[in-house]
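Peer 1: Residues 1 to 110 (the numbering used here) make up the sequence shown, in order.
Derived from the structure by calculation, the hints contain no laboratory data.
Just so it is clear, the structure is predicted and the values come from calculations on it, not from any experiment.
Glycine residues also receive a C-beta, built at the ideal position from the N, C-alpha and C atoms.
Please note that a few of the clues may not be correct.
[Claimed, not checked] Quick list of simulated restraints, FRET-style, between CB atoms: (1) D109 / Q39: 29 to 37 Å; (2) A43 / A81: 17 to 25 Å; (3) T41 / M105: 26 to 34 Å; (4) T67 / P17: 30 to 38 Å; (5) N64 / T41: 16 to 24 Å; (6) P84 / A51: 29 to 37 Å; (7) D109 / E14: 29 to 37 Å; (8) G34 / G92: 17 to 25 Å; (9) P37 / D106: 33 to 41 Å; (10) Q68 / A47: 27 to 35 Å; (11) T67 / D109: 19 to 27 Å; (12) D106 / P17: 31 to 39 Å.
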Amino acid sequence: MSHNIHITGQISPEQVPMIAENGFKTIINNRPDGESPDQPTSAEIAAACEAAGIAYKEISFSGNGLTQQHVEDFADYFNQAEQPMLIFCRTGNRSTGIYEAAKQMDLLDD
Numbered sequence: 001m002s003h004n005i006h007i008t009g010q011i012s013p014e015q016v017p018m019i020a021e022n023g024f025k026t027i028i029n030n031r032p033d034g035e036s037p038d039q040p041t042s043a044e045i046a047a048a049c050e051a052a053g054i055a056y057k058e059i060s061f062s063g064n065g066l067t068q069q070h071v072e073d074f075a076d077y078f079n080q081a082e083q084p085m086l087i088f089c090r091t092g093n094r095s096t097g098i099y100e101a102a103k104q105m106d107l108l109d110d
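The whole structure should be built from the sequences, with the hints applied where relevant.
Peer 2: And the structure:
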C-alpha cells in the first residue's frame with residue numbers, strides 16, 4: 001500500500017490528542033451518529049480534532065449502505081488530505097470497504 005493510513009474501530013474525542021501526538025494529520029469518520037448510545041458524536045470528534053490541529057471529515061454510511069457517491073466523496077477528500085491518516089468506523093470494516101472500493105475504481109492518487 002502506497003498510502004500512509006491506519007484503519008481502526010471507533011475512537012473517542014479523548015483519544016484525539018494522542019492520535020495527533022502519534023503524527024496523524026487527518027481523520028476520516030465513516031460511522032453515522034446514533035448507531036449506539038455510548039458512541040461519541042461526529043461533532044464531538046470534530047471539535048477534538050480542531051483543538052488538536054487535525055483535519056477531520058465525516059463520510060458516514062450504514063453498514064450495507066455504501067454508494068458510488070460515498071466512494072467518490074471519500075476519494076475526493078482522501079486525495080487532497082494530508083497523511084498520515086486515520087480512518088475509522090465501528091469496527092474498521094466499513095472504512096476498509098470504502099478504501100478498497102476507491103482503490104479498485106482507481107480513484108485514489110498514489
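Peer 1: None of the hints should be skipped; say for each whether it holds.
Peer 2: Here is what the structure says about each hint:
1. Hint check: D109 to Q39, Cβ distance near 31 Å, so the stated range 29 to 37 Å holds.
2. Range check, A43 to A81: about 19 Å between beta-carbon atoms, so the 17 to 25 Å window is met.
3. The hinted range of 26 to 34 Å is satisfied by T41 and M105, whose Cβ atoms lie roughly 30 Å apart.
4. Between T67 and P17 the beta carbons are some 33 Å apart, a value that agrees with the proposed interval 30 to 38 Å.
5. For N64 and T41, the hinted distance range of 16 to 24 Å is satisfied, since their beta carbons lie about 22 Å from each other.
6. The beta-carbon spacing between P84 and A51, approximately 19 Å, falls outside the hinted interval of 29 to 37 Å.
7. Remark: the range hint 29 to 37 Å for D109 to E14 is upheld by a beta-carbon distance near 32 Å.
8. Between G34 and G92 the beta carbon distance is about 19 Å. The supplied range of 17 to 25 Å therefore holds.
9. Remark: the range hint 33 to 41 Å for P37 to D106 is upheld by a beta-carbon distance near 39 Å.
10. Take Q68 and A47: their Cβ atoms lie about 31 Å apart, and the range 27 to 35 Å holds.
11. As the Cβ distance of T67 to D109 is approximately 22 Å, the hint placing it in 19 to 27 Å holds.
12. Roughly 36 Å separates the CB atoms of D106 and P17, a value that falls within the hinted 31 to 39 Å.
The structure does not agree with numbered hint 6 stated previously, though it agrees with all others.
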